[in-house]
Amino acid sequence: MNNEKSRSSNPIINALRKSNMTAIGAVLVVMILIASVTSPYFLDIYNLQSVIRDLAFVGMIGVAQSLLLLIGELDLSVGKIASLCGILSGMMMVYYHWNPWLALLVSLICGLIFGAINGLIITRLRLNSMVATIGMQGVYGGINLVLTKGKAITGIPEEIYFLGKGNVGPIPAPFIFCIAVLIIVLFIVKKTKTGRYIYAIGNSREAARILGINVDKIRVLIYSLVGLISALAGILYVARLGSSQSAIGENWPMNSIASSVIGGVALTGGIGNPAGALIGAAIISIIQNMIVLLGVNVYWQSAVSGFVVVIAISFGSISEILRERKARKVKVG
Amino acid sequence: MKVLEATGITKLFPGVVALDSVDISFEPGQIHAIIGENGAGKSTLIKCLTGVYVPEEGSVEINGQDALKNKELFDKIAYVPQEIDLFGYMSVAENLFIPYEKSGFKGMVNQKALEEAARPLLAKFQIPVEPDELVKDISVSSQQLLQIARATVHEDYEVLMLDEPTTSLTTKDTQILFDIVRQIKSQNKAVVFISHKLEEIFALSDVITVFRNGKKVAYSEIGQVDIPWVIRQMTGREVDQNQVFCSEKVTDEVLMEVNDLTGERFTDVSFQLKRGEILGFSGLVGAGRSELMQAILGYLPVYKGTVRIDGENWKLGDPTFSVKHGYIYLPEERKKQGILPVLSIRENISVAVLDRLASATGISRKKEDELAQNVIDTYDVKTPDAEKEIQFLSGGNQQKVIIGRAMTCEPKVLVFDEPTKGIDVGTKAEIYRLMKELAEQKGIGIILISSEMDEIRKCSNRIIALYDGRKVGEFPATADKEEILSAIIGVG
Amino acid sequence: MKKRLLALVAVAATMIGGAVSAQAAEDMTFVIVPKCVHAWFDEVNKGAVKQAETLSEQLGVEVKIDYRAPQNADVVEQNSTLEQAAATHPDGIALDPVDYEGSKAVIEEIQAQGIPVILFDAPSPEGSGLTSVGNDFSEQAKLAADKLAEILGGKGKVAVMQGFPSAPNHAERYEAHLAALAEYPDIEVIEGGIDNDNVETAQQQAAAVLAANPDLAGYLNCDACGSGVAAAIEEAGKAGQVKFVSMDNLIEILDYVKSGTITATSSTIPQMQGSMAVLMMWQASLGVEIPAKVDTGIAYIDETNIDEWIALVSE
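Chains as they are written, first to last, in my numbering: chain E, 1 to 333; chain H, 1001 to 1492; chain C, 2001 to 2315.
The set of hints was computed from the structure by calculation and includes no laboratory data.
Watch out, some of these pointers could steer you wrong.
[Stated by the list, open to error] Derived DSBU-like pairs (lysine-lysine); straight-line CA-CA distance at most 35 angstroms:
hint	chain 1	residue 1	chain 2	residue 2
1	E	165	C	2064
2	E	149	C	2258
3	H	1335	H	1076
4	C	2238	E	165
5	H	1249	H	1304
6	E	149	C	2046
7	C	2147	C	2050
8	H	1076	E	193
9	H	1136	H	1124
10	E	193	H	1388
11	H	1442	E	217
12	E	191	H	1336
13	H	1367	H	1249
14	H	1442	H	1388
15	C	2050	C	2293
16	H	1421	E	217
17	C	2157	E	165
18	E	190	H	1442
[What the hints assert, rightly or not] Label pairs and their in silico Cβ distance ranges:
hint	chain 1	residue 1	chain 2	residue 2	range
19	E	217	H	1119	44 to 54 angstroms
20	H	1133	E	318	38 to 48 angstroms
21	H	1012	E	127	39 to 49 angstroms
22	H	1116	C	2099	30 to 40 angstroms
23	H	1070	E	321	17 to 27 angstroms
24	C	2125	E	143	49 to 59 angstroms
25	H	1217	E	120	57 to 67 angstroms
26	C	2080	E	127	19 to 29 angstroms
27	C	2084	H	1084	31 to 41 angstroms
28	H	1301	E	186	36 to 46 angstroms
[Unchecked claim] Beyond 12 angstroms from chain E on every Cβ pair, some chain H residues (computed):
hint	residue
29	1027
30	1082
31	1110
32	1113
33	1116
34	1207
35	1224
36	1262
37	1307
38	1391
39	1430
40	1442
No residue lacks a Cβ here, since even glycine has one placed at the ideal position from N, Cα and C.
Work out the full structure: start from the sequences and follow the hints.
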């Protein structure tokens, strides 16, 4: 009921207010300004590139994860799918000497399959997505350990390095992939039937079923897409490090969910825009970058970055609270 | 002496004047009925009077003091909302006394003490449950009474507001409720009674205020007016209470044929629906009517039996198939199963027919806008525009959007499950008229599930009675009310 | 292979010959409980199995190694692993404790059953009386810091990245780095970030440190995530310009030593820890008094011996 109350008659303000990304976009801009002013090195081209390269990974998974959040579910196995697919690509390229491009393609398909497996067990066995994916991340992580015993795979063909390390003009290659993922996801969400169905399911799964929407098919589809994009992030990270490491992606599940929520995607489903997840990822990356640039004591870093994240999330609701209070004051006074 | 007085209340929503300088006051020892069509401003008024909304203009005084400045005064008002908002997984006693500070339980909460304190209250309201039972396990009727008991637990309230308290009550429980309300009145409290059921208003209240389009249009002592007067004030026109709405173009063609269908809550049900017919399903809550129709949709399982619609053997267990091939179900639980609350009216409508709107390059926004506007115009949905979130429409207007959406799917069989639940008299007649038109003009078959005997007799061509999941009778529309009643309660 | 083994206590040689099988010819089982499933512990196990084979030959009885790795580095999980192991009545248990205080009660219970317990890969906690087989992490860190200072000619700006501060060996290395660098008045030490034992975080933090310190001359770290720091140095185009001496001998780190981005690294010798742990357990099971501390040494790796190490690790 809150947003009904706070609407003004100005259509532009309403439009901005209705898009829950406006506040968080403003937070991002403010953070970039603060970062530029407080540290002379923030705008350094190398620093910007490394921040953007970083956020591309969590960003693309966050964009995918936001699709799941939109239907009121989540996937905690994204990191393990990413690292397992990275390891599989490494094994195909290094141990079996496959053509690198074929290896990458097959790894992506593996990610798609892992995602589909998640989706199928969750829909067919009617499991809670959180519990099921906690279980599945154990499975994918376990397969990873069996295959590698925790050791990295080195000797990745250098021809794929540019996917992770390279730049297109001044733009880091992984970010290009991230933007491509975003564009595809936005197209799905805004322009296709599937996108509309995603919002419908997030609003009310029962109503969606009664409307004749094949809810389970769409859920499996999204899980598969999330698996695919996780695999993409995983193999791009292999290209970035020049080796397949089994420990990558550990922070990706939580950071992708945090990015989406910071970006205005509701955990309860039905509300939000996947583009917000990219803004959220950017905010997290800039916070982490700033903390080091400004020389925050290493033992304080986690506390400080946690605190700033909480502030970033609260920004939207704080402005709402202030506006309400002001309105009341005018009324009473 | 006025305990609660509101003067010049104006509340604006974008594009809508929800309340237009309303004056209203409530006196102790008086039952004050408030009535109006959905969207007339009753709920908004209640929210202004209970401190949920701050009106743009006007004042709210409680015992002569400005309540907008002093919010604690709103604690004097005990409000019982229309929807049940109890904690299902907590005990009856806990529900009664939460929050404990307000009900006099300080410090640690002692389960035994809570339960002992609950007993006299349960006895007073004649709620047949034990204090330690979980609320989710007691009947809806008991929940409704419990909710009212809870509102009156802390005794310093001076105004009791009941928002549609009888929608889920049986006749017997309604009587119990009325006795209690009269008792509360005799304790010199003010009672505000909001209801769509005119008989109840005339049976219970002392004075009546009628709202229409955000304005207070009439006020009277109840003894001086009658039901037609109230309807006239509410709708601004005459509504014939005795008008019937059954289809006049029933054909001989069997549109749908159900044979020996057995599922979760129904057994061996067979019936036929003709093209152009409105077929009523009567029964008590839990008789299996909704389950039967949802099973045909594919939403619930079918154990045995067959369905044929329009000559086609029906695939059971697949809602996508059913909707695509023309069997559409409009659920009773409109808020949970019907609307997509935070999406716009446009999106709520188009989601059913995206196949028609989408091409390889995306969904045509132009076609979508046209479709939404067409539904809004055809079904007379009251809204500033198609972009309004559907959750902010009144129940009747939500229902019209959902009917409009169903019709864009070009159904062959359309199932209305309690289509007028929580909908006011004027809008009810509109929905009846719509059903009649659809049956007559579009050549479809309509199934109407309703617990209101009058409604089902007014609208149906034939009536099937279900009792405990079995078909126990089939009656012509002209059948005697008592005859149908005895069938659905399992006698005769 | 040129390994510089520091302060290796040479207990092994004398012992093997010593106690020949006057004992009843009974099979023996020694349990090894690492922190968790990890490649490094697999190497410990390899050393232990090799030693067990030697013992079997010498003693004429079968000496078995029961390697029980908990799935996660979690003290509760490790305690239940310990209890299950003790239930099989082994002849000794070697443990790498996740959290000694949390396992203290279980360890004492097992000792009370007459099963010898020793620690490996961890210092002996004060007052525990437990024998510890392991290397000196402070020594390893000091070695790296001194090496870096030598390469830099004793001057310049050096960043030190902290690992996972609650891991005792990471904390120990961090302190030792700082203490060693303090000996060089012309070296300015700055904070090099904190990676919480995560390669991605290492890369992220190192990138920001490199951006904020264009004049950085050297880098040190405290855990096995050196490949993240190295990747950041390469992305910054500062390979060779920023000298980085890292820790541990994981293959991806060795690769960077080979390419020159990492100047040098050092390694604990896990196989030696396994081997020594088995010997100590065997001695203890015979009732022979064993030393409080066995130092298994540190191996230093740079361009001179990198190929041997890559070959060794890739086995």
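Query raised in the report: For this structure, which hints from the list above don't hold up?
Result: Violated: hints 1, 8, 22, 24, 27 and 38.
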